[in-house]
Amino acid sequence: MRKVFGFHGGIHPPENKHQSVRTPIADAGIPPQLIIPLSQHIGAPAVPVVAVGDVVLKGQLIAEPEGFVSVPLHAPTSGTIVAIEERQIAHPSGYQAPCIVIASDFNDEWIPHSGTGDYRDLDKAQVIERIRAAGIAGMGGAGFPTAVKLSVREGVKIDTLIINGTECEPYITADDILMRERATQIVAGTLIMQQLIEPSATLIGVEDNKPEGLAALRSAAEGTAVEIVEFPTKYPSGGEKQLIEILTGKQVPSGGLPADVGVICQNVGTAVAIYDAVVLGRPLISRITTVTGEAVAQAQNFEVLLGTPMSYLLELAGYQPQESRRLIMGGPMMGFTVPSPDVPIVKTTNCLLAPTEKEFPTPAPAQACIRCGMCAQVCPASLLPQQMFWFAQGKEFEKLENHNLFDCIECGACSWVCPSNIPLVQYYRASKAEILQLRRDNEKSEQARIRFEARQERLAAAEEEKEAKRAARKKAAEERAQQAAADGGEEDPIQAAIDRAKAKKAAQVTGSADESELEKLEKAVVTTRKRLETASGKLAQARDQGSDLVQALQTGVDKTRAKLDAAEKALHDYQQANSDAPMAKAAPTDAAQAAIEKAMAARSAEAALSPAEKARAQLGKLQQRLEKSRAKLAESRDSGAEDKIIEALESTVERLSEKIAAAEQELQATEGA
Amino acid sequence: MAEFITQYPLLTALLALVSLGAVFGAILGFASERFKTEGNPIVEQINEILPQTQCGQCGHPGCRPYAEAIANGEAINKCPPGGEAGIQALADLLDVEVIPLDEEHGEQSVKKVAFIREAECIGCTKCLVACPVDAILGAAKQMHTIIASECTGCDLCVEPCPVDCIDMIPAQQEGLQTWHWQLPDPVSLEVDIIATDAPREEAA
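Residue numbers (our numbering), protein chains in the order written: chain A, 1 to 673; chain B, 1 to 204.
With the rest of the complex left out, here is chain B (with noise of 0.2 Å):
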């Protein structure tokens, strides 16, 4: 054996690799069959991150179908419910330049909540069908009602109804369940730190 090596020595170093290479194929072959990860691990954070209104307003039907087209290279800036936060956390996560959300997709606005004029519902289930999260509770030519605190504020069931009785009324009232301090006004920060300094257009 170890007059092989003498002997051989550019051999020897071949076959040495060359089982080294074996030995470690395999077990990365094993590794990658039993630790298989299954789906695009990807997908799920970004749907962590996307707000689930499942308003479709930036043309999926849903926040997951939305994610998947994200994790395809779709453009970040499409959820108006996410708003510039929402866009900051992709962004963060994909490792992409945040860019302002796409006004084509609708305007960020303040959270809302859908109701129905019950006295003028007509019971047509339109809104039912329509409603991607199940919060709206009724039965054919029964009242309608939206379990509030199930309601994204998606829309969704605003154009279906044939007598335009729902509502998108702001889900939270301000008030003294939801005040909460305010971080001071940055703007007193910006105090020089020194007496002397001048602003910068003075100084020489």
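Here chain A stands alone, though its shape is the one from the complex (with noise of 0.2 Å):
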């Protein structure tokens, strides 16, 4: 006999559970069509293999695993794809998700396949591969894929593996019934699973209140390395840290795995399907569900396939939808409410409740905690809920992770005790949630930091060695100066040309005092258009003569064009600045100063103006920028510029007219107004 262990706190509330247990497994049969959602576990998504209109096979692949930590999906019966489309999933959301819809064509026709007799002369990664390949992930109820958790990182030693059989929640009954009536696939798919990780020590654990559960798995695990393991009813039992606590003793340190204390947990359920997937090559296509709850004729268990709709699976169960006051996906403690009865059963839908007004009452409103302490002596994690939940309504965020709020298991159990009825697990599931994307969000704006710093750095270094190269010409220049200067009296033709050179610029700086910067642009077109003149005619004599030179030359007149059409650019910006905007303020340096200093401009004048106001003016701006299009517009097709602009310039004129459209309606809205 095995020395069981406790946890600290835990509660005992009405079991219910004997309802469903009075009838064998029933088969639900199979439904006129299957909703089999993309995402069923914790992971990426699976994704479609199929496309609507294919014919699909009973177990056939319809959809692949994406990266390592996700699962495939398979075809539940045979028929025809009919869409691939979102519809809405169980989930507490209420959203909708992308789904595979099969409609079936009753004939449950099977893909043909192979299970392996003795897995033994399988290696592990064969084992693994296969467990992987039928899709199962974690039957318990949060879906982890199964062949990741069997695959043990190298250098992690495992001595105790830990079959979960407990399901401690009221109500729910399918791992109850699967140990009474499937005990022998439980042991040999724990079986299989010792193999993977080779325990020193495999377990079983049950609670009390299963004796004819317990009866069957001892008879199945007698003569193998299987031990089986009672111990007293409470709630949480079944939550992997719990249980682990139970059976070992050993409590999983904070943020850990249970690989860290050398324990691996899985479900029953999961063994079965485990057995299923080695030994008779079947994918995860179907699952135990426990239909349960007052609203209900024939409360009982049914082998249900995937994606079958609820509704289907209640009205086997003899559902009243007048007397259910809501459905309940999972358990009472542990469950949501599902947005509708047409959502489809996934691989984690372990328990269907549809209870009464009478059975479920809408609870009392919540009124101030009085700090009596129940709800820390019953937590399974030895937290203190009275003190998260005042931490939760401040919001304060640091102090939840300093009380370990990551800890919560969302078990319930101080909801349930609370006598004020303060629904606190809301409040740890709404905080915890929050504090995720907060640290998301910091994550992102470090990361923005990051970027802008070195962004600032890139241009600080680039205008350094703009700087430094400028310096090194400027010494250089000089040297040569003087090199010339010590090379004798004879006039020198460079330093004589920098002198002239010198000389003019002087003038120029001087003759500029009172020389418009209109006049001086244009003196700068008129010349550089005279150099382009002739430095084309020496091309032409250059090409006549065949010289050497029509390289030098040719390369020389390109850059004077180039130049030519700068200054003639400069010009034109300068006319139409000034046509603009009398007092043409000195451009910024720096374009992101600029655009930050208009948008400010434009943002301080807004303020300042009535709605009415705001809207004359933008429509004013409007039009002002449809003009200027027009004109770039009408420009860039007198020089034949390339279609694409031509293109792009031509839906901007569009977009601006629609734009100034709305801006008359909003202006004689508010005008009305």
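Hints are not guaranteed to be accurate.
[Claimed, not checked] Within a straight-line C-alpha distance of at most 20 Å, the following computed SDA-like cross-link-like pairs (lysine to any residue) qualify:
1) K598/A <-> P162/B
2) K444/A <-> P170/B
3) K399/A <-> A89/B
4) K395/A <-> Q182/B
5) K644/A <-> I116/B
6) K523/A <-> R561/A
7) K628/A <-> E159/B
8) K141/B <-> E647/A
9) K141/B <-> G640/A
10) K399/A <-> Q45/B
11) K399/A <-> L183/B
12) K569/A <-> T125/B
13) K149/A <-> G255/A
Calculated from the structure, these hints are not laboratory results.
Source: prediction; values computed, not measured.
Put the two chains together into one complex, using the hints given.
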């Protein structure tokens, strides 16, 4: 007899399990339509490998895993793919998610498949591959890909394999009935896992409120290395960390995994799925689901194909919708209300609960916390729920983390005992989600900061390099001049040219005081044009004579032409800027700075205006922009610009006209009001 | 020595204090040199609270310059992307009063991300220069595109675009991935504890 340990806290809610175990597992049959969500597990959603209109056989692969932490999906029965689209799924949000929809042909025709009688001949990687290919995800409720969990990392020693047959939550009996009827498969699946992990002890933990299941398992496990352990009933002993503590006395460290204390935990349903996959070669396409609650006439367990709409299953159990207050997927403690009875059964649906108003009365309004401390007494994770409640209300996330919010398993024991009916778990769930969101945001802003700083650095470095080059050039010129001066009194042609240029520049500077900017620009255009003409003439001459200088002259002409273009553009810009705004500000050096300044000016002007004025200003602005764009368009058409540019400009004009129409409407509306 | 102490107690005390002062002064002087902090540490802390959108809505070219300005006494309510939560955090850090967001610098809105309508882009590189976090990919006369995961939604690329092909679209659509549980309705907690509690105005 193995020694069992206890864990802190826990509660004893009414079990209500007897209603659904009076009859054996019933086959739910084939519904006319199956809806298979692509994400029924933790990790990346599967990717469809079939198309609408394809005919599929039972057990055929219909979606492949995407990445390591993901599982494939298989057709639960033979039929035709009628849609791959968004459908409502069993999720508390009530949102839609991508699903594959199959219309059954009711032939239930299997794809050829074969298992292996003796899996002991296979090596570990092959067995894990079979489990992965069968699409098995944890059947207990979380849905973590089983193959990932069973791939033990190098250097990690697992000494205990625990199979979880606890099923501590009230109402649910899916695992209980599985243990009663399929104990041999459970033990066989367990032995496969044992071969993979090679632990020193393999335990199946079952609460003492399931004597029939215990007896069946004991007789099935006789003569094997699997040990069946019975322990007292208490909620939530089925929680992974709680069960590990009960069976081994070891606590999983905060934020750690069971593997950190040398334990791997799997559900009994997963063990059966592994047996089916390895020995029979059948993928995971059905599961046992409990349908219970007072709103169903015949509470019982069904073997149901994945993707079966809940409404189909409920009908089989004699569901009376008028009696039912709401429909819950999972148990009364940790389940959630499903948005509609038409959502499909998935790999993690262990129970459908349809309670009446009498059974699950509307909770009384929450009252103030009276600091009775009962929640702290029952918390299985030894947390301080009332303290965390205050912090959650005040959004003090740092303190919540310091109080180990992330060790909360959301079992609902604290809410169950709370005399003030405070929905504590809901506070923790919301706070957890918010903290995770904040962490993501922080990460992103840190990333942005790093990029911003890197950019600043790069710009500064580029500026410095330019400066250094300039300095080097200047120095070289000076040295040459000195060299020339030292060489003797003879007139140096370079020095003379430099001197001339300097003198010219000086004259320009003094002259420009009374010469306007416009004149200067015009002059620049004229001189450049003249130079271009001279250069072109020389080039033509050189060509005629077949001189070697053609190449060099050609470059010279090109350069001059580019300069002329630039000068013309500068002149044109200047003229336009002058006509737009009489006092053209000195252009800010940095484009980003310029954009900021523009936006700031616009914003401050806007803030001072009334809505009608704002709308009018907006309209005026738009019209101005339209005119400008039209002018640009005409210009590029005349100059025969690329089609692409003309097209883009055309669409801009079009959009601006639309915007103007909208702005006019708005203006009318604001003026009318 | 003992004789000196008994004979000149005042002088002894004075000497003792002066020598103590000299020793401690030397230690403090050494420590201030040895453990000198580079720059103003409060700027780092402020910069960590700011959302790092680098949008310039505060009037500074980036978040760090605004952090420096705050450290030098500028108002803490000029950051619309940080919103009320950011102001609250800054007020807590600097121990100043919480003030409402300055509307002049823009309103708090949902997180956005820039989107280039690529068919209309003419490859002018003007947005590339304006982007403070290098989140736009492109080259002259080549189509540009936004690296959405790096875009901070600062809006600065919209203004320079000559063909107006940049849109600001909401960053995250409400969906299965972003959904999470909400805090319970706090109104239900204002229920009176005792049944005999009368509403305030009816109480005697």
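Pair hint outcome, K141/B versus E647/A [Cα-Cα no greater than 20 Å]: holds, 15 Å
Hinted pair K523/A and R561/A, Cα distance within 20 Å: holds, 16 Å
Given pair status - A89/B, K399/A, alpha carbons within 20 Å: holds, 15 Å
Straight-line alpha-carbon gap K399/A to L183/B, limit 20 Å: holds, 17 Å
Hint consistency between K444/A and P170/B [alpha-carbon to alpha-carbon, up to 20 Å]: Distance of about 16 Å is within 20 Å: holds.
K644/A paired with I116/B [C-alpha distance capped at 20 Å]: Judged against 20 Å, a Cα distance of about 16 Å means the pair holds.
Hinted pair K569/A and T125/B, Cα distance within 20 Å: holds, 18 Å
Given hint G255/A paired with K149/A - CA-CA distance at most 20 Å: Holds - the C-alpha atoms of G255/A and K149/A are around 17 Å apart, at most 20 Å.
Hinted pair K628/A and E159/B, Cα distance within 20 Å: OK: K628/A and E159/B at ~15 Å, within 20 Å.
Given pair status - G640/A, K141/B, alpha carbons within 20 Å: holds, 17 Å
Satisfaction of hint between P162/B and K598/A, Cα-Cα up to 20 Å: The hint holds at about 15 Å.
Restraint status (C-alpha distance of K399/A to Q45/B at most 20 Å): Distance of about 19 Å is within 20 Å: holds.
Violated hints for the displayed structure: none, as all numbered hints are satisfied.
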